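Trainee: Since the structure of chain X is already known, use the hints to place chain G on it.
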Amino acid sequence: MKHTYQQARYDEGLLIEKGKPGRIGITLPPWEDIRDIKELVPPEMIREDLNLPELSEPEIVRHFVRLSQMNYGTDNGIYPLGSCTMKYNPKVNDRIASHPTLGRMHPMQPEDTVQGILKMMYELQEALAEIGGMGACTLQPAAGAAGEFTGLLIARKYHRSRGDTLRDEVIVPDSAHGTNPASAVMAGYRVVEIKSAPDGSVDIDALKEALSERTAAFMITNPSTLGIFERNICDIQAACHEAGALLYYDGANLNALMGKARPGDMGFDIMHYNLHKTFTTPHGGGGPGSGPVAVCPKLAGFLPVPVVVKEGDVYRLDYNRPDSIGKVKGYFGNVGVMIRAWTFIKIMGRDGLKRASEMAVLNASYIRSRIEDVYPVPFSSPTKHEFVASADFLKDKGGSAKDVAKQLADRGLHPPTNYFPLIVSEALMIEPTESETMEELDRFSDALLEIANCTPEEFASAPVNTTVSRVDEVGAAKNLILNWNQFPEEE
Amino acid sequence: MHYLPNHSNEKEMLRRMGLGSIDDLFSDIPEGLRVDDLDLPPGASELEVLREAEGLMNMSKGGGDMPMFLGGGYYDHFIPTLVDNVLSRSELYTSYTPYQPEMSQGILQALFEYQSLMSDILKMDAVNTSMYDHHTAIAEAILMANRINHKQRFLIPEYLTQDKLCVIDNYVKGANISVEKVPFFKEKGIMDLDGLSNMLGPDVSGVYIETPNMLGLFDPGALKIREMLDPRQVFVVGVNPMAMSISRPPGEYGADIVVGDAQPLGIPLSYGGPSTGIFATSMKHVRKMPGRIIGATKDSEGRRAFCMTLSTREQHIRRERATSNICTNQALTSIAASAYIATLGKTGFRQLGIQLASRGRYLAERINELEGFTAPAFPGHFFNEFPVKVDGDVCKLLNAAEENGILAGINVSAEIGSLENIFTVSTTEMHTQQDYDKLADVLKASMEVIS
Numbered sequence: 001m002k003h004t005y006q007q008a009r010y011d012e013g014l015l016i017e018k019g020k021p022g023r024i025g026i027t028l029p030p031w032e033d034i035r036d037i038k039e040l041v042p043p044e045m046i047r048e049d050l051n052l053p054e055l056s057e058p059e060i061v062r063h064f065v066r067l068s069q070m071n072y073g074t075d076n077g078i079y080p081l082g083s084c085t086m087k088y089n090p091k092v093n094d095r096i097a098s099h100p101t102l103g104r105m106h107p108m109q110p111e112d113t114v115q116g117i118l119k120m121m122y123e124l125q126e127a128l129a130e131i132g133g134m135g136a137c138t139l140q141p142a143a144g145a146a147g148e149f150t151g152l153l154i155a156r157k158y159h160r161s162r163g164d165t166l167r168d169e170v171i172v173p174d175s176a177h178g179t180n181p182a183s184a185v186m187a188g189y190r191v192v193e194i195k196s197a198p199d200g201s202v203d204i205d206a207l208k209e210a211l212s213e214r215t216a217a218f219m220i221t222n223p224s225t226l227g228i229f230e231r232n233i234c235d236i237q238a239a240c241h242e243a244g245a246l247l248y249y250d251g252a253n254l255n256a257l258m259g260k261a262r263p264g265d266m267g268f269d270i271m272h273y274n275l276h277k278t279f280t281t282p283h284g285g286g287g288p289g290s291g292p293v294a295v296c297p298k299l300a301g302f303l304p305v306p307v308v309v310k311e312g313d314v315y316r317l318d319y320n321r322p323d324s325i326g327k328v329k330g331y332f333g334n335v336g337v338m339i340r341a342w343t344f345i346k347i348m349g350r351d352g353l354k355r356a357s358e359m360a361v362l363n364a365s366y367i368r369s370r371i372e373d374v375y376p377v378p379f380s381s382p383t384k385h386e387f388v389a390s391a392d393f394l395k396d397k398g399g400s401a402k403d404v405a406k407q408l409a410d411r412g413l414h415p416p417t418n419y420f421p422l423i424v425s426e427a428l429m430i431e432p433t434e435s436e437t438m439e440e441l442d443r444f445s446d447a448l449l450e451i452a453n454c455t456p457e458e459f460a461s462a463p464v465n466t467t468v469s470r471v472d473e474v475g476a477a478k479n480l481i482l483n484w485n486q487f488p489e490e491e
Numbered sequence: 001m002h003y004l005p006n007h008s009n010e011k012e013m014l015r016r017m018g019l020g021s022i023d024d025l026f027s028d029i030p031e032g033l034r035v036d037d038l039d040l041p042p043g044a045s046e047l048e049v050l051r052e053a054e055g056l057m058n059m060s061k062g063g064g065d066m067p068m069f070l071g072g073g074y075y076d077h078f079i080p081t082l083v084d085n086v087l088s089r090s091e092l093y094t095s096y097t098p099y100q101p102e103m104s105q106g107i108l109q110a111l112f113e114y115q116s117l118m119s120d121i122l123k124m125d126a127v128n129t130s131m132y133d134h135h136t137a138i139a140e141a142i143l144m145a146n147r148i149n150h151k152q153r154f155l156i157p158e159y160l161t162q163d164k165l166c167v168i169d170n171y172v173k174g175a176n177i178s179v180e181k182v183p184f185f186k187e188k189g190i191m192d193l194d195g196l197s198n199m200l201g202p203d204v205s206g207v208y209i210e211t212p213n214m215l216g217l218f219d220p221g222a223l224k225i226r227e228m229l230d231p232r233q234v235f236v237v238g239v240n241p242m243a244m245s246i247s248r249p250p251g252e253y254g255a256d257i258v259v260g261d262a263q264p265l266g267i268p269l270s271y272g273g274p275s276t277g278i279f280a281t282s283m284k285h286v287r288k289m290p291g292r293i294i295g296a297t298k299d300s301e302g303r304r305a306f307c308m309t310l311s312t313r314e315q316h317i318r319r320e321r322a323t324s325n326i327c328t329n330q331a332l333t334s335i336a337a338s339a340y341i342a343t344l345g346k347t348g349f350r351q352l353g354i355q356l357a358s359r360g361r362y363l364a365e366r367i368n369e370l371e372g373f374t375a376p377a378f379p380g381h382f383f384n385e386f387p388v389k390v391d392g393d394v395c396k397l398l399n400a401a402e403e404n405g406i407l408a409g410i411n412v413s414a415e416i417g418s419l420e421n422i423f424t425v426s427t428t429e430m431h432t433q434q435d436y437d438k439l440a441d442v443l444k445a446s447m448e449v450i451s
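So the protein lines, in turn, are chains X and G. Each residue of the first sequence is one higher than the last, beginning at 1 in the working numbering. Each residue of the second sequence is one higher than the last, beginning at 1 in the working numbering.
Bear in mind the hints are in silico, worked out from the structure with no lab data behind them. All of these numbers come straight from a predicted model, not from anything done at the bench. Please note: incorrect hints may appear among the correct ones.
[Claimed, not checked] Selected chain X positions facing chain G (in silico; Cβ < 10 angstroms):
#1 Glu48
#2 Asp94
#3 Gly103
#4 Arg162
#5 Ser183
#6 Ala239
#7 His276
#8 Gly287
#9 Thr466
Glycine included, each C-beta is placed from N, C-alpha and C at the ideal position.
This is chain X alone, in the form it adopts within the complex (with noise of 0.2 angstroms):
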């Protein structure tokens, strides 16, 4: 079905493919006392041949342009992929981080020199301790994953110096983020999967059953990945404590909450954030983010060196902690990404955090009114910040949640994510976030329903209005080719 929606289509070569001899993009600065390569490089070790492209500024601008307008993102609009919230990057927030001071700014220099950045270091850090009912915090970790890695070292060391040493378990449920198990695996844990209950919950039967004096940390999203609050939390975390276990907060889905309800209250002990969800850091195509993790007052003492700390008026990096994990990270992670979030929190405040977190669940609950007639939602429960729909009702009519992504990708309309959680069968699961208008919710969940009624033939041609119909992904894994020098000879 054609649509109005047209994205930008060129043959844009590669960089290797562009260009000629002789072009450069930039005019050195000049200096005069230039050595001979044999007095710089040990005879074995220099260079012979350099393979680059030769471009000049206006072909490489223009080359770029071209990219990007081959690339849909949050700018263009709605990108509902559930558990990632893709919400609007302030402007203000890049203008900030973008400072030609921090540009240049060197990770050795001493404090003195940085009192300004470690200001607005600490005042994240407390920021996000409190937004999470936690004691302390550290913003070292790069990515959530990192976050997660970084809060079950910290678990272990926890249970050591307790000389707990039997605790080698993390209980992950079914349905939780890819990242738990994997980063429990890299922390040395054996995981324990859990099936969730019926309704999408913690099965909490399933739980005490798993966990044991062998038990390390139970790690969960609440909401969880299907955006139901766990009314069971209470339970979960007597459950957890009483076995000796620590429990783990994913924050990936704390979008939901801030200023409604906070993780330290309901018993967590270790959280993580994601920068680049809730506090709306750019997600860069992939990243960069920042995964910060805060913990209850007992675990203070084992977060990653340097914290932040401040004394009177000055602001200090403490090496001096002996029970401390040490580093996950270089320096002190991604400063520029902190920027970012610390810009946010200021501008929105404790009433805009909060009445963020509203719309972002009345956003969601919006739209699962608008199709739920015709995609069910398997859980009653009521939606918080996402919920997941199923397309298996499609398989009959020729079409699956792939297809219906293709569909809204034809529109102009990111799709949710596909297929994930696994518990819920030709899954979609929708995050739209705070930042969309109603009219775009409308607009999205219009889309919906008109692709309820696509023909099979409609949905195996589509998307033809994206800047390449589908992608042959198998062949891609099949024949990998994986930099410009490895295309077969026909090209």
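Mentor: Relative to chain X, chain G alone:
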């Protein structure tokens, strides 16, 4: 509330949904767990926050406010304006990991180009789109070596920063890998290959070496390590990618994995992050590699297209059996590196590399002329960073230099006990002749203060 379009039409939406109040949407949260107000300041206007941020930035200093000769893997290079311009394209920077390839060809092609450029620079077949930084890239390389040969001892250089060591220690805990240090020649500042030979054995998983190393010195020993190992043992090389402009790429001397930090290639210092951790390997080992990889393929019309590939290694599919837990990475800074390399191009990259090393030579000679300094402290070749030996207390010297408005270098003696009174100085094209003169004057004056 200017980020929240539905703030003003909440009632209409609730009415359409048959609800009375926003609280109805949160009724499933047990009452005892609800909070009324966070203990945070109220919101502020954009102008107020800009003013506050400006004030805080002015309380800080960077390379533009005082001559700075700090390196250690992160360098204050010039960033061409077009690199900032590319990164400000919001279709790119506000996109997610490209799970829908048909509408994400721009970011996919840009990342494929990054992989290709880095592949040519390192002479390695397969480059992932990024690790978090050099530190975690080394750590992931050690884990990958363990996946390749299931051996539990891994050898790293004696001269490695504490910052890197601490990160590695945490990453290898889960796999129970024992990380051991290969000794260095005290009088040469490079790896002692006889010492390495004595440590090798059938239980060794792999060896890591850096060139240029922590002191800034090229280490020619790197060329000989592959032949000291058996084919199953994994040879990992850490580089400053900028130095690849004049020194041989590790792919030419048998590296199985190459790691590094792309920060010198057009990425702002930003007080240490974000940057891109470089991670490259051979096709033989690509299925054991952590991180995201972009592949070229075709669309249903036969046009060239790009998509993520080999995803079955990754956490969202393989879960606890994934090669790594990494999900969000550093894709945007990889694109900065790509735009930067394209800007310099074949000739500019080489010329800049020669200029940087020439500046290093010049500066070392200047410092060596001063009473009480030996530069370089060891006889080898170096790139844009070199060790300086001080006749006196290096800590006091650097403090005295700071008092005089210069950050003269990094005190490596504080990190490696056996290196006495040595600091490293690095230079870039940002330095002017006046900066060099000032450094020489301040070092001379500081030496007089501490003597």
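Trainee: None of the hints should be skipped; say for each whether it holds.
Mentor: These are the hints, each one checked on the structure:
{"no.": "1", "hint": "Glu48", "in the structure": "holds, 8 angstroms"}
{"no.": "2", "hint": "Asp94", "in the structure": "holds, 7 angstroms"}
{"no.": "3", "hint": "Gly103", "in the structure": "holds, 4 angstroms"}
{"no.": "4", "hint": "Arg162", "in the structure": "violated, 18 angstroms"}
{"no.": "5", "hint": "Ser183", "in the structure": "holds, 4 angstroms"}
{"no.": "6", "hint": "Ala239", "in the structure": "violated, 16 angstroms"}
{"no.": "7", "hint": "His276", "in the structure": "holds, 6 angstroms"}
{"no.": "8", "hint": "Gly287", "in the structure": "holds, 4 angstroms"}
{"no.": "9", "hint": "Thr466", "in the structure": "holds, 4 angstroms"}
When the structure is compared with the earlier hints, violations turn up for hints 4, 6 and for no others.
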